[in-house]
Amino acid sequence: MATTTATITLTTADMADSAFSVSNTATLTTAGTDTGITETTGLGRKKFATTDNVVLLDGGLTSGIAADVTADKSAKVYIKNHNLRGDGTKFVNILLAAVEIGRLYGGDWMFIPWCAASGKDIEFTASDATETTLEYTCFYE
Amino acid sequence: MATTTATITLSSADLLSDNMSLSATMNLYKGGTTDTGLDQMNYHRLVIPTGTSFDLIEESAALTEDANYVYIINKNTDVTDFVKISINAEEIGRLYAGDWLFMPWDCDLSAAANDSSIEIQAFTHEHIIEYALFHNGETLVTSADS
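So the sequence lines, in the order shown, correspond to chains X and H. Residues 431 to 571 (our numbering) are what the first sequence spells out, left to right. Residues 1067 to 1212 (our numbering) are what the second sequence spells out, left to right.
Read the hints as simulated data drawn from the structure, not as lab findings. Where a beta carbon is used, it is the ideal one built from N, C-alpha and C, also for glycine. One thing to keep in mind: the hints can contain errors.
List of simulated lysine to aspartate or glutamate pairs, DMTMM-like, C-alpha gap at most 20 Å [to be verified]:
#1 520/X / 1101/H
#2 1096/H / 1192/H
#3 476/X / 561/X
#4 1096/H / 558/X
#5 1096/H / 1174/H
#6 520/X / 1181/H
#7 503/X / 469/X
#8 1150/H / 571/X
#9 503/X / 488/X
#10 477/X / 488/X
#11 1141/H / 1192/H
#12 1096/H / 1132/H
#13 476/X / 558/X
#14 520/X / 482/X
#15 503/X / 1156/H
#16 1141/H / 464/X
#17 520/X / 558/X
#18 503/X / 464/X
#19 476/X / 488/X
#20 503/X / 1144/H
#21 1150/H / 1181/H
#22 476/X / 565/X
#23 1141/H / 1121/H
#24 1150/H / 1124/H
#25 1150/H / 1121/H
#26 1150/H / 1196/H
#27 1150/H / 464/X
#28 520/X / 1174/H
#29 1096/H / 444/X
#30 1150/H / 502/X
#31 1096/H / 517/X
#32 1150/H / 1192/H
#33 520/X / 561/X
#34 477/X / 565/X
#35 1096/H / 1131/H
#36 520/X / 1131/H
Pair by pair, the computed Cβ-Cβ distance ranges are [as the list claims (entries may be wrong)]:
#37 547/X / 1175/H: 23 to 31 Å
#38 1210/H / 455/X: 42 to 50 Å
#39 1211/H / 476/X: 51 to 59 Å
Assemble the whole structure, with the sequences as input and the hints as a guide.
Dropping the structure here:
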């Protein structure tokens, strides 16, 4: 069994009257156990220059890098938009199937659980056709 | 304007044949700006009973078409406990005890989006959940007795 951890730290010194900081570490385990997750798609980095909808991780397929992700378990997905922020008007919409989750502006990242059921693809649509570089990985059982 | 940062570190000494470590830090900026920081947030801690899907973070007009970021952590300790996180009844995934998520959130009030509220449903036991919403506005409710 492997031990993989994901740590988040949220900090602000000036949003409130006093500094605010939250930090937590999750150990990535298989569903309903304390056994560490042992599989990953590996870290991917891809460039896209389109406003078309693109499937990043295909849920429920029998081929592709996410083919072995077991649905409705404890898969976790990390995605980062590696573009520069620029004027803050360019972003990629991240979707689960047809449902929009949110916008990753240049430099933004996200870390979410993924149900990975059939048809529940993680997709994205860029706000314009400027080349976009995404980095992503999935940990799964 | 405020400066708020979110940092993630993913690491493992034994998942791969060599150490894996990845770290990324982002600033939480308002949408459509170069570097103007979000300056409003909500932080909550609450108990979610089992059996019903609840709106954890409700959509509202003031949150639309902007940059919102959501952090949710499952504070339960029993490894069999989990909550499902969904948007518009589409399950994103499960947060087991100790798991957290951090994601952008597009609050979309259009008819096509139907309901972009972030939903949560607890399984096995009631759950202690903490969550934060970093945002650029909140729809205020006029007091009924003013």
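Earlier hints that do not hold, by number: 2 and 6
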